[in-house]
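Chains as they are written, first to last, in our numbering: chain A, 1 to 443; chain C, 1 to 443.
There could be a bad hint or two in this list.
Since the list can't tell identical chains apart, any single copy or any two copies may satisfy a pair.
[Claimed, not checked] With a straight-line Cα cutoff of 27 Å, these simulated DSS-like cross-link-like pairs (lysine-lysine) come out:
| # | residue 1 | residue 2 |
| --- | --- | --- |
| 1 | Lys299 | Lys94 |
| 2 | Lys265 | Lys205 |
| 3 | Lys306 | Lys94 |
| 4 | Lys265 | Lys410 |
| 5 | Lys299 | Lys93 |
By construction, these hints were calculated from the structure, which means they are not laboratory data.
Here the structure is a predicted model, which is why all the values come from computation and not from measurement.
Protein chains: 2
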Amino acid sequence: MPYGFQIRRAILDLVRRLLDSTGHEEVLFPLLIPEGLLKKESEHIRGFEDEVYWVTHGGLEELDVKLALRPTSETSITFMETFWIKSYRQLPKKYYQIVSIFRYETKATRPMIRLREVTTFKEAHTVHETFEDAERQVLEAIEIYKKIFDELGVPYLISRRPDWDKFAGALYTIAFDTVMPDGRALQIGTVHHLGQSFTRAFDFKIQRADEKLDHPWQTSYGISDRVVATVISIHGDDRGLALLPSIAPVQIVVIPILSGSSEEKEKVLIEARGIANRLRSSGFRVSVDDRDWERPGAKFYYWEAKGVPLRIEVGLREVESGEVTVARRDTLERVQVRVDRLEDEVRRLLESVEDGLKERAKDDFRARILRTSRLDEAGEWVESRKGVAEVPWCGREDCGLKMEEEVNAKILGTPWPHEVVEGLSCARCGAPAVAYVRLAKTY
Amino acid sequence: MPYGFQIRRAILDLVRRLLDSTGHEEVLFPLLIPEGLLKKESEHIRGFEDEVYWVTHGGLEELDVKLALRPTSETSITFMETFWIKSYRQLPKKYYQIVSIFRYETKATRPMIRLREVTTFKEAHTVHETFEDAERQVLEAIEIYKKIFDELGVPYLISRRPDWDKFAGALYTIAFDTVMPDGRALQIGTVHHLGQSFTRAFDFKIQRADEKLDHPWQTSYGISDRVVATVISIHGDDRGLALLPSIAPVQIVVIPILSGSSEEKEKVLIEARGIANRLRSSGFRVSVDDRDWERPGAKFYYWEAKGVPLRIEVGLREVESGEVTVARRDTLERVQVRVDRLEDEVRRLLESVEDGLKERAKDDFRARILRTSRLDEAGEWVESRKGVAEVPWCGREDCGLKMEEEVNAKILGTPWPHEVVEGLSCARCGAPAVAYVRLAKTY
Numbered sequence: 001m002p003y004g005f006q007i008r009r010a011i012l013d014l015v016r017r018l019l020d021s022t023g024h025e026e027v028l029f030p031l032l033i034p035e036g037l038l039k040k041e042s043e044h045i046r047g048f049e050d051e052v053y054w055v056t057h058g059g060l061e062e063l064d065v066k067l068a069l070r071p072t073s074e075t076s077i078t079f080m081e082t083f084w085i086k087s088y089r090q091l092p093k094k095y096y097q098i099v100s101i102f103r104y105e106t107k108a109t110r111p112m113i114r115l116r117e118v119t120t121f122k123e124a125h126t127v128h129e130t131f132e133d134a135e136r137q138v139l140e141a142i143e144i145y146k147k148i149f150d151e152l153g154v155p156y157l158i159s160r161r162p163d164w165d166k167f168a169g170a171l172y173t174i175a176f177d178t179v180m181p182d183g184r185a186l187q188i189g190t191v192h193h194l195g196q197s198f199t200r201a202f203d204f205k206i207q208r209a210d211e212k213l214d215h216p217w218q219t220s221y222g223i224s225d226r227v228v229a230t231v232i233s234i235h236g237d238d239r240g241l242a243l244l245p246s247i248a249p250v251q252i253v254v255i256p257i258l259s260g261s262s263e264e265k266e267k268v269l270i271e272a273r274g275i276a277n278r279l280r281s282s283g284f285r286v287s288v289d290d291r292d293w294e295r296p297g298a299k300f301y302y303w304e305a306k307g308v309p310l311r312i313e314v315g316l317r318e319v320e321s322g323e324v325t326v327a328r329r330d331t332l333e334r335v336q337v338r339v340d341r342l343e344d345e346v347r348r349l350l351e352s353v354e355d356g357l358k359e360r361a362k363d364d365f366r367a368r369i370l371r372t373s374r375l376d377e378a379g380e381w382v383e384s385r386k387g388v389a390e391v392p393w394c395g396r397e398d399c400g401l402k403m404e405e406e407v408n409a410k411i412l413g414t415p416w417p418h419e420v421v422e423g424l425s426c427a428r429c430g431a432p433a434v435a436y437v438r439l440a441k442t443y
Numbered sequence: 001m002p003y004g005f006q007i008r009r010a011i012l013d014l015v016r017r018l019l020d021s022t023g024h025e026e027v028l029f030p031l032l033i034p035e036g037l038l039k040k041e042s043e044h045i046r047g048f049e050d051e052v053y054w055v056t057h058g059g060l061e062e063l064d065v066k067l068a069l070r071p072t073s074e075t076s077i078t079f080m081e082t083f084w085i086k087s088y089r090q091l092p093k094k095y096y097q098i099v100s101i102f103r104y105e106t107k108a109t110r111p112m113i114r115l116r117e118v119t120t121f122k123e124a125h126t127v128h129e130t131f132e133d134a135e136r137q138v139l140e141a142i143e144i145y146k147k148i149f150d151e152l153g154v155p156y157l158i159s160r161r162p163d164w165d166k167f168a169g170a171l172y173t174i175a176f177d178t179v180m181p182d183g184r185a186l187q188i189g190t191v192h193h194l195g196q197s198f199t200r201a202f203d204f205k206i207q208r209a210d211e212k213l214d215h216p217w218q219t220s221y222g223i224s225d226r227v228v229a230t231v232i233s234i235h236g237d238d239r240g241l242a243l244l245p246s247i248a249p250v251q252i253v254v255i256p257i258l259s260g261s262s263e264e265k266e267k268v269l270i271e272a273r274g275i276a277n278r279l280r281s282s283g284f285r286v287s288v289d290d291r292d293w294e295r296p297g298a299k300f301y302y303w304e305a306k307g308v309p310l311r312i313e314v315g316l317r318e319v320e321s322g323e324v325t326v327a328r329r330d331t332l333e334r335v336q337v338r339v340d341r342l343e344d345e346v347r348r349l350l351e352s353v354e355d356g357l358k359e360r361a362k363d364d365f366r367a368r369i370l371r372t373s374r375l376d377e378a379g380e381w382v383e384s385r386k387g388v389a390e391v392p393w394c395g396r397e398d399c400g401l402k403m404e405e406e407v408n409a410k411i412l413g414t415p416w417p418h419e420v421v422e423g424l425s426c427a428r429c430g431a432p433a434v435a436y437v438r439l440a441k442t443y
């Protein structure tokens with residue numbers, strides 16, 4: 001719907017700005033991928049074959065070749081890169097697109113979290129001459145994603161996913177997870193070093209600086225509409241949304257409190273609209289709620305639910321005193337502000353709401369991470385929906401899978417960047433630990 | 001590809017700006033439409049059933065309900081409107097979205113002109129209390145589309161499509177057509193008065209101001225990626241693209257002409273980069289082509305093909321004389337400009353290129369419209385790919401269809417707004433004419 005889409009547009013602008021300014025070029029690839037192309041990389045298709053939607057008919061005719069709705073675009077993009085990229089001189093190459101991707105989910109769907117159509121998926125695909133340059137790109141992508149989530153006040157853990165849970169076709173996957181208010185972890189971004197899996201499968205070769213022909217290296221990374229879901233869930237409260245001023249479609253709502261004679265009402269309305277126009281011309285996004293069939297209390301409630309950072313109340317008393325009441329959405333505090341100092345005060349208050357929401361989210365997040373050497377403690381933490389538990393781990397897959405079973409949770413992976421662990425024993429098997437591993441209930 | 005997508009982004013920004021500023025709200029609806037929903041409006045589905053792509057499988061399972069890739073979104077949007085809109089107080093309501101739509105074309109496809117996936121389709125959908133208000137909306141939409149095409153320098157004819165060629169489910173369709181360089185007409189935008197077809201089919205009712213419940217009225221209108229195709233085809237020439245400065249991803253390319261000693265080369269490079277930076281800081285979009293493995297001639301050719309409006313050549317002579325050579329893409333003229341007056345001159349030249357390209361397109365367009373009372377003359381005009389012919393018409397469908405057959409062309413419709421025709425006879429049957437009708441070869 002429109003209001004939600006405006007929030008999404010603000011987030012898309014932020015993502016575009018950060019990708020454009022780091023040399024990523026926006027492109028647009030077809031939705032439909034012919035079956036043969038999707039199946040070229042065998043590990044990749046094994047990872048996706050249960051979840052691909054197939055188009056089989058055009059009009060009343062059956063198609064000669066089945067067409068997949070893209071579950072992701074590595075195959076179609078690599079296919080075109082074989083025509084477009086011939087030389088190391090063109091590298092590194094960084095493409096991105098913002099499109100819908102499709103998964104035939106058999107689990108229950110949830111708005112913006114688990115969907116069959118993942119809308120405005122921001123997927124980046126890069127090509128490099130060497131393994132090392134692709135690894136450098138993984139770091140760049142992580143830095144970009146940090147900035148995106150920092151600007152949106154969404155706290156995160158960065159984990160290297162265990163091998164059994166990496167992207168189908170990747171050498172390794174680095175993932176961003178946040179913790180939702182119900183204590184479950186939510187994957188909000190992933191970065192994959194693809195190695196040469198796809199360039200080999202498509203026999204995509206370039207001329208290297210040393211004049212040899214070789215398969216180049218790739219990375220890919222993506223953020224879905226979950227970023228919208230987290231911004232809503234993490235900053236909101238029982239009254240509804242609480243939006244960061246930086247992405248709020250309406251930063252300030254002005255509510256005229258109409259009472260007394262019709263002349264007095266008119267006076268208040270004129271003052272309210274005047275204030276709104278002044279604030280607009282200072283660059284703020286402002287609405288005036290002058291609906292005459294709603295009472296002020298209902299309007300307060302309505303705009304609080306929509307998460308508008310500041311509410312300005314203008315009544316007869318305010319018109320006469322030269323002061324207005326300003327209420328902030330995050331703390332629900334109300335303060336008196338002189339109208340002649342309104343712009344400065346509003347600017348200060350908006351900054352304070354922005355910082356306040358981000359700080360609150362960070363504090364909440366910190367309290368949700370438990371580090372312990374005992375698996376039963378970790379299990380209790382996770383089971384009671386407190387958040388993420390970190391325990392020492394020997395690094396063996398079978399031990400990891402058994403941990404997941406015993407704790408009835410999922411392994412998010414090990415902390416990234418890698419943290420050296422010395423003198424600790426695996427919380428499950430007692431063998432020397434090589435890393436902490438993160439356990440959580442997930443979406 | 002990236003360069004093309006930047007042109008598209010500039011056009012999308014323009015469309016969004018004009019729709020947003022006239023109270024249209026951006027939304028995002030699902031791609032997949034269940035068969036039952038698509039088939040609710042019987043005329044609509046009859047118009048589309050040969051061209052709909054069907055998703056029949058998810059993973060390895062057959063779906064219970066077939067899902068259509070949206071050929072357009074009237075059905076899914078009207079379905080949701082029944083939940084969202086209850087009262088005249090919410091009207092008029094204007095939604096739009098920018099998405100891919102799909103048609104299983106059996107005719108030969110052409111890039112950006114006839115595609116199975118029509119990308120970044122800008123479709124608007126509006127709801128109104130009365131027939132008249134919907135008609136007023138048709139006028140508003142036409143004004144918006146005029147502005148879009150005027151700003152892009154794309155000339156157009158506005159026609160009321162004949163009844164046999166209107167949108168499936170509409171009361172009537174107003175269409176924008178341009179004429180491509182090969183003399184064929186290309187539909188570039190359509191506006192439909194939908195009447196109550198869809199609101200009846202979905203039993204969508206609102207409370208009117210007079211408290212009665214009734215089906216509201218709708219319009220819809222759309223512009224496809226053909227707008228990109230026309231901008232490229234109409235302004236381009238045998239050397240390639242010629243882009244309007246307002247939408248050119250690169251407005252100015254600076255080309256250092258390297259010769260002499262390496263010290264002299266360095267001097268020229270520094271000067272070229274300095275000029276580019278100065279122009280950038282004045283707000284122009286500038287590239288420097290400092291590739292050392294390409295010759296100046298090859299670079300000229302490359303950037304001409306990309307349609308960059310201005311090229312600045314910087315050589316040793318220029319560095320010493322304090323003047324540079326500026327070449328414009330539209331007329332290919334070259335002028336000397338003093339470096340200390342560069343910003344002003346470049347601004348003036350860009351405006352001149354913008355106006356020049358638009359004027360040239362308008363002049364070409366005017367020469368492509370022939371008004372005649374003789375059908376054979378009209379036929380010759382169209383057959384020799386000169387453009388559009390207008391002949392008097394009695395208004396009868398059978399006579400129109402026979403005209404199409406005899407002239408071997410398509411009827412675009414009658415001029416909009418309606419032009420009163422008196423004392424003329426139908427070019428085919430001789431009966432009194434009610435309007436001119438436009439005939440053309442089409443894409």
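Legend entry - Enumerated hints in conflict with the structure, sorted upward: When the structure is compared with the hints, numbers 2, 4 turn out to be violated.
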